[in-house]
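Novice: Residue-level listing of the chains:
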Amino acid sequence: MSSLISSPTVLGACFFLCITCSYPVHAETAPVSVESITPFLKQYCIDCHGSKKSKGDLRLDQLSTSLSNERTAETWQEVLDALNMSEMPPEDEDQPPRAAMIAAIDHLTNRLYKAGKQLTDKTQATMRQLNRREYHNSIKSLLGVPVDISRLPNDNTFEGFDRVGSVQEMSAQLFNSYRAIGKQALDKAFSRALGKQGAETFLIQAETEHNKYISRQLKIRNKSLEAESRLISKGQENSRRLDRTAKKYVVSALYQTIPATKTGYVFVGDENGSPQEFSTPFPNDNIGTYHLTIRAALTHPSPDKPYIAQVSLIGEDGGSTPPKDIGIFKIENTSPETQTFEFELNRSTDTLDTIVIKVLEPSIKGGGHESHYLHTIKQAEAKLKTALEKGNKLPLPLYPQNSTPTGKTCFLWLDSINIVGPLKNPSSDQAFTFFTSKPPTQPEAESVYARKIIDKFTRHVFRGQAPADNYITALHQIYLSYREIGTTPEPARKAISPRDKKRIRMLTRKKRNNDTTTIDPEFIAALREALSVALSSPRFLLHAESSSDKNLSALDLAKRLSYFLWSAPPDTQLNKLANQNKLAEPRVLRSEVERMLAAPRASSFIDSFTTQWLGLDRLQMIVVHKGYKKFNEKIRTAFKEETLSFSRELIRENLSARNFIDSDFTMANGLLVDFYKLGEPHIDGFKRVAIPTDSPRGGLLGQGAILTLTSSGERTSPVLRGNFVLSRMLGSPPPPPPPNVPQLQFDGSPAMPIRERLRAHTQSAQCASCHQRFDPIGFALENFDTIGDWRDNTSVETMVLLRKVKGSRKNTDLAEINSRSELRGETLNGYEGVKQYLSSKEDVVTNHILRSMLIYALGRPLGFSDNQWVSELHKKWQVNDYRMRDLVQIIVSSQPFQSQ
Amino acid sequence: MNTQFSRRQILAGASSVITLPYMSSLFAATVAAPVPPRRLVFLNTGFGVSKEFFPNVADTGKSYALPKAMEALTKHREHFSFLSNLSNIASLRVNPHWGATTFLTSSDPQPILGQGFHNSISCDQVAAQFIGKTNRYPSIELTTSDTAGKGKGLSLAWDANGESLYGEADPLKIFHRLFASQSSSIDSTRNKIRRERSILDATLLDAKSLSNQLNTNDKAKTEQYFSLIRKIEKNLAREEQWMNSPKPKAPFAAPASGLTGTPGALMMFDLMTAALQSDTTRVFTYQLPLASLLDEFAQETGDSVAAHRMTHYGSTETKEYQALLWRDKKLCQLFAALIDKLNKVIEVDGSTLLDNTLIVMGSDIRTGHMRKNVPILLAGGRAGKIQQGQHLAYRQNESRLSDLWLSMLHFAGCPVEKFADSTGGFSNLFI
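So the sequence lines, in the order shown, correspond to chains E and C.
362 is the number that this note's numbering gives to position 362 of the first sequence; each next residue is one higher, with no gaps.
Offset between the second sequence (1-based) and this note's numbering: plus 1000.
If we strip away everything but chain E, and leave its shape as in the complex, we get (with noise of 0.2 angstroms):
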């Protein structure tokens, strides 16, 4: 490629074929070179900086052209720096036309970024740690119990990924952090050792709570209307604040005459008829597996749709934590013939400490046979007016004793929520046996015993590397300590602390029936601070691979694919493959990454990297602007869920990554079937759904999430999604804004639309350089707005924005959309005409997938020295067309993922 642009005449000739080779697919290992800056170079500044005259001792034409080492780049990273402050040329000097200026900073930033890149080349593996994911899968599979890890701090990454070992890093806090979360580990591993860890039950009749709330607001509601009352009769009536409280009151006093009450929580709507959420303290501390049985039905036959309510699970701190959904139910049958519905629910940090129900369908609001309800209030509701007015003492009777005045109306009835839990964890084959046999009561015997569990539970989690002799009886010595004997003086009694042992008293209490070992509490508590040191050492925090070659060892195998697919340490299976040498034949290894990938637990790898690629965590932090009514936390969750399981119906169906630009189907439920217009919405949660010839959905980009996630949350961002198309589709993100260039100032409103706005970027030649690269992409896809909806004008957009200015609320003219854009002298269509670009390109694409899933599944960073066999797999990918259960398979077939 050098050699086509060695010799350029027209400056933007030459820039055109940079630009269009700008994103290697099989790139070269030569060094980056700037030889085309050349021409500008002689126009512009080889007369100061040449041969004639010298200035600051810098002379560019004998500056090389080859990037090959970090003073070259150095010194023309601060040519670049001068013109980027507009230093150079001179002002009495001639100045260069725009267009000639934009070329030359353009070229010097891409040039010297991926130049910063090659000469940062460290390709070579640094060992990996457990990442928060593989600690948690670890733990919960070497012990059989989970463990919260909300309080361990994000993963470092590189490029997104968080399985680096490069980027990783060790710290006295984080060890800290593991020490303590590995004794709680312990104790509850204890706790089910001794099986004590008894499921308990919990039955939470929906009505009670409630009823009692219901009477408390009736109380205070009377009170407020009587003060009302006694303003009212001074005449200084708040006719606003009345309608507020009577109509509160006529609803909780309606809510009492409905019989199903008595039972259960009705959702009755509140008291504009919107749905309403039953929610409820989740009864149990303890992070785990749960069962739940909820218990409804319909208090009259629905005259239309059957009703559909969701379950969650979610965090009363103020949202911090995401929420968790457990389930979707349909509910037909009419009381007394109560239907049953059962979750399963894996709770996996205690800050999820609420149960939530809530109506999906119908939306209460709007009519129909639920207009009765509505009317009802209206009737109580002037009732109460005037009586209030007239003086009339309270409370009123407000319906007819002894009535129903809601009548016949359908509502939801909610009879009872049954929880069961935490279960016992049916996964964890691997769990570690503590105790085979009781414990020697005599002093030495049992020292002999406690040895021999520490020796083979330090095995056991260090995942097959044998710890060293001395590390054993340091733990030892530990565990000695503590229990009292011999080697320390100190009374080790006090060293357990007396909530230690409470905590300790209560686990070997309460024994069951069936259980007749009994242990010494302070034994399990010594026991506990000696095999905590284990799962905090580097053999069981690290990924080391005892490999003596360049070959793995079968066993080092089975843990670097199973970490892989997993994020967890290998089954029986595997190991067992491993040890009779197996798993390296071509078609055991084939086979074994078809079941892991079938397994359930293999959307652990499926929705981290759909995750990690995409940057899917940003959408969970868009603040969308309440004005964007169609927003909410459950479309919110479903845009989300959309694009993972999209995800996965490729790698499990093995399609192929073109999916990923343009696709005939997405993965939706009900929700987002309505929301995107696809058809008739259905019940039945993500499913595959066909995306009708007339619809512009497709693809990633036609999906809310990454429309969302790159929109300010008030409007679009056309910056934001350009760059998520080169840095996340095409592998070639932009270099960061360089510094100490002025920022733009705009005047005018804040509404003004976006394209005019950044039109703004086109005027200084230090912005232009590089966001003509990606601004058109984004203009491209204008017909979406913040929330992915389709759009032919920016009304929604605009009245967001004219909000949040003082006083001008004034409707503007409409700005209808133009979706056509120029992306260096392409013209790009709308949204169809991005797919027409990114699908010619889709070796572009689809190389960039290959590096990110390399990148994730080696755990080290890519360079240039990786070019040659990253382009062999990618040349056997395609011949596959690029189907995704076969880029696992290329990837974990090939001679990398099977080497050190």
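Treat the hints with care, since some could be wrong.
Said to hold, decoys possible - Some residues of chain E that are not near chain C, with every Cβ distance over 12 angstroms (derived):
| hint | residue |
| --- | --- |
| 1 | K305 |
| 2 | E389 |
| 3 | S532 |
| 4 | S604 |
| 5 | Q900 |
To be verified - In silico lysine-lysine, DSS-like type, Cα no more than 27 angstroms apart, as pairs:
| hint | chain 1 | residue 1 | chain 2 | residue 2 |
| --- | --- | --- | --- | --- |
| 6 | E | K262 | E | K358 |
| 7 | E | K383 | E | K212 |
| 8 | E | K183 | C | K1372 |
| 9 | E | K634 | E | K677 |
| 10 | E | K629 | E | K330 |
| 11 | E | K876 | E | K550 |
| 12 | E | K183 | C | K1051 |
| 13 | E | K212 | E | K385 |
| 14 | C | K1051 | C | K1329 |
| 15 | E | K219 | E | K247 |
| 16 | C | K1051 | C | K1372 |
| 17 | C | K1152 | E | K550 |
| 18 | C | K1234 | C | K1247 |
| 19 | C | K1152 | E | K117 |
| 20 | E | K390 | E | K219 |
| 21 | C | K1192 | C | K1173 |
| 22 | C | K1219 | C | K1247 |
| 23 | E | K183 | C | K1173 |
| 24 | C | K1219 | C | K1234 |
| 25 | E | K677 | E | K324 |
| 26 | E | K219 | E | K262 |
| 27 | E | K408 | E | K140 |
| 28 | E | K456 | C | K1208 |
| 29 | E | K223 | E | K262 |
| 30 | E | K183 | C | K1385 |
| 31 | E | K114 | C | K1208 |
| 32 | E | K55 | C | K1372 |
| 33 | E | K248 | E | K219 |
| 34 | E | K248 | E | K234 |
| 35 | E | K550 | C | K1344 |
| 36 | C | K1231 | C | K1208 |
| 37 | C | K1152 | C | K1249 |
| 38 | E | K408 | E | K305 |
| 39 | E | K378 | E | K324 |
| 40 | E | K378 | E | K219 |
Just so you know, the hints here were simulated from the structure itself, not pulled from any lab data.
In this text the structure is predicted, and so the values were computed from the model without any measurement.
We put the beta carbon where it would ideally sit given N, CA and C, even for glycine.
Place chain C on chain E using the hints.
Specialist: Relative to chain E, chain C alone:
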């Protein structure tokens, strides 16, 4: 060590009585009358500030007009100065979203294109080496749980190896670090230290045996283990050394856990004041909150603004600009609060804690992506003949922040001639 701490003086603080282990080998040996030690406090704002934060560069001297954002400091003008036109020349090219990474190091962490990130020692840590030697804590690093605007690093402080020092974001944890708890006894502390050591020893054995079978590249990982073990060991040694000198009693009740935003910052200031007063430490760095302040702005106005967008406000009509101006005013209110707190504490010689403490507040970013001519407020330090109450304008784009750091080190009595790329310090700061 014991003899040094045998003389104790009781000081009446503003709200409470704190036992102050008065000692300083530097000063006690040379002067007869007790002289309070010099202290340094460094505050960083993360992202840059609005134009209303800067006085007019031409309007210098004592009677300069306070900019709009500084209204809250009107009453305090004699206590602080504004320093215009300072820049970290060495780190101009650093990522323009990193407002704190090189603030106190004045160096380029990626000096040569292609080299990895490597920072150098920060000036607070230079100070800690000299004036923190005899204190329970040579320095204390405070930070915020907000992530925006800071850039790389766990706090403002970087040690001699260029490693970032852990910063504590929870005021409650600092409270427990500073003050005595009722249950701790010397016996239990000794036990705790011994147990911690045995755990470190065991961990070290595993790290060593693992390290022996690794190639050089992988050894980087076990090296991290060795380093963290050394760090914890060093802290244990210090704890052991101070075991017999009880910590001061808490002058106020323990704060709630995880306090952030304005209440969090005010609590950090209370903790700083108490720690400086009791001479528990002489050097503080504190990364001020940012996102949690904007949460307060959102609650007040209903407008939620993300931190990064705030700094790219475009025109002054936008709510981003309103948020930035609001935040800048808040910074000045906080700065005023810290001045008040330090000014209320009377020291052994009748001077105030403020007189003996030099405080700086600023950022490595001016506004937006501009890393030149950054905002710098300097307060206190009268005991060291620091002249306050003026607007000093240095040479635009040229004057070095490292010269301010050097002058601050000189104020504290550190015998250093150079810091980073400094050129001798600023003599015009002193009377």
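Novice: Decide, hint by hint, whether the structure agrees.
Specialist: Hint-by-hint comparison with the structure:
1. Against the 12 angstroms criterion, K305 of chain E stays outside the reach of chain C, whose nearest CB is about 37 angstroms from its own CB.
2. Here E389 of chain E stays apart from chain C, with its beta-carbon at least about 35 angstroms from theirs, past the 12 angstroms limit.
3. A beta-carbon of chain C is positioned within 12 angstroms of the beta-carbon of S532 of chain E; the least distance is around 9 angstroms.
4. At the 12 angstroms boundary, the C-beta of S604 of chain E stays outside the reach of chain C, the nearest C-beta of that chain being 23 angstroms off.
5. For Q900 of chain E, the requirement that its beta carbon stay farther than 12 angstroms from each beta carbon of chain C is not met, with the minimum near 8 angstroms.
6. The suggested pairing of K262 of chain E with K358 of chain E holds, with an alpha-carbon distance near 20 angstroms, which does not exceed 27 angstroms.
7. Only pairs whose Cα atoms come within 27 angstroms are accepted, and K383 of chain E paired with K212 of chain E is accepted, the gap being roughly 26 angstroms.
8. Between K183 of chain E and K1372 of chain C the CA atoms are separated by roughly 50 angstroms; this puts the pair beyond 27 angstroms, and the hint is violated.
9. Between K634 of chain E and K677 of chain E the alpha-carbon distance is near 17 angstroms, which keeps this suggested pair within the 27 angstroms criterion.
10. About 25 angstroms separates the Cα atoms of K629 of chain E and K330 of chain E, which keeps this hinted pair within 27 angstroms; it holds.
11. With a C-alpha separation of about 24 angstroms, the suggested pairing of K876 of chain E with K550 of chain E holds against the 27 angstroms cut-off.
12. Distance hint between K183 of chain E and K1051 of chain C is unfulfilled; the C-alpha atoms sit about 52 angstroms from each other, more than 27 angstroms.
13. Taking the CA atoms of K212 of chain E and K385 of chain E, the gap is near 26 angstroms; set against the 27 angstroms cutoff, the hint holds.
14. A distance of roughly 12 angstroms separates the Cα atoms of K1051 of chain C and K1329 of chain C; the hinted pair therefore holds under the 27 angstroms criterion.
15. The straight-line distance between the Cα atoms of K219 of chain E and K247 of chain E is roughly 14 angstroms, inside the 27 angstroms bound, and the hint therefore holds.
16. Restraint check: the Cα-Cα separation between K1051 of chain C and K1372 of chain C comes to about 13 angstroms, which is no more than 27 angstroms; the hinted pair holds.
17. Proposed proximity of K1152 of chain C and K550 of chain E is contradicted: the alpha carbons are some 36 angstroms apart, above 27 angstroms.
18. Of the pairs offered as hints, the one joining K1234 of chain C and K1247 of chain C holds, with about 19 angstroms between alpha carbons and a cut-off of 27 angstroms not exceeded.
19. For a cut-off of 27 angstroms, the pair hint linking K1152 of chain C to K117 of chain E stands: about 19 angstroms separates their Cα positions.
20. Restraint check for K390 of chain E and K219 of chain E: satisfied, since their Cα atoms lie roughly 21 angstroms apart, inside the 27 angstroms limit.
21. Between K1192 of chain C and K1173 of chain C the CA atoms are separated by roughly 18 angstroms; this keeps the pair inside 27 angstroms, and the hint holds.
22. For the suggested pair K1219 of chain C and K1247 of chain C, the alpha carbons sit about 40 angstroms apart, so the restraint of at most 27 angstroms is broken.
23. With a CA separation close to 21 angstroms, the supplied pair K183 of chain E and K1173 of chain C stays within the 27 angstroms bound.
24. For the suggested pair K1219 of chain C and K1234 of chain C, the alpha carbons sit about 22 angstroms apart, so the restraint of at most 27 angstroms is met.
25. Of the supplied pair hints, the one linking K677 of chain E and K324 of chain E holds, its CA atoms being roughly 26 angstroms apart against a limit of 27 angstroms.
26. With a CA separation close to 19 angstroms, the supplied pair K219 of chain E and K262 of chain E stays within the 27 angstroms bound.
27. Taken as a hint, the K408 of chain E and K140 of chain E pair is broken in the structure, with Cα atoms around 51 angstroms apart against an allowance of 27 angstroms.
28. For the hint pairing K456 of chain E with K1208 of chain C, the CA-to-CA distance comes to about 21 angstroms; that is within 27 angstroms, so the pair holds.
29. Between K223 of chain E and K262 of chain E, the direct Cα distance comes to roughly 25 angstroms. Compliance with the 27 angstroms bound is thereby established for this hinted pair.
30. At roughly 54 angstroms between alpha-carbon atoms, K183 of chain E and K1385 of chain C are farther apart than 27 angstroms, so this suggested pair is violated.
31. Taking the CA atoms of K114 of chain E and K1208 of chain C, the gap is about 39 angstroms. The hint is violated against a cut of 27 angstroms.
32. With a C-alpha separation of about 24 angstroms, the suggested pairing of K55 of chain E with K1372 of chain C holds against the 27 angstroms cut-off.
33. For the hint linking K248 of chain E to K219 of chain E, the alpha-carbon distance of about 12 angstroms falls within 27 angstroms, and the restraint holds.
34. Among the hinted pairs, K248 of chain E with K234 of chain E is consistent with the structure: their alpha-carbon atoms are about 23 angstroms apart, no more than 27 angstroms.
35. Pair hint K550 of chain E plus K1344 of chain C does not hold up; C-alpha atoms about 68 angstroms apart against a cutoff of 27 angstroms.
36. A C-alpha spacing of about 17 angstroms is found between K1231 of chain C and K1208 of chain C, which places the hinted pair at or below 27 angstroms, so the restraint holds.
37. For a cut-off of 27 angstroms, the pair hint linking K1152 of chain C to K1249 of chain C is broken: about 35 angstroms separates their Cα positions.
38. For the proposed pair K408 of chain E and K305 of chain E, the alpha carbon gap of about 16 angstroms is at most 27 angstroms, so the pair holds.
39. For a cut-off of 27 angstroms, the pair hint linking K378 of chain E to K324 of chain E is broken: about 37 angstroms separates their Cα positions.
40. At roughly 21 angstroms between alpha-carbon atoms, K378 of chain E and K219 of chain E fall within 27 angstroms of each other, so this suggested pair holds.
This entry does not satisfy hints 3, 5, 8, 12, 17, 22, 27, 30, 31, 35, 37, 39, going by the numbered hints stated previously.
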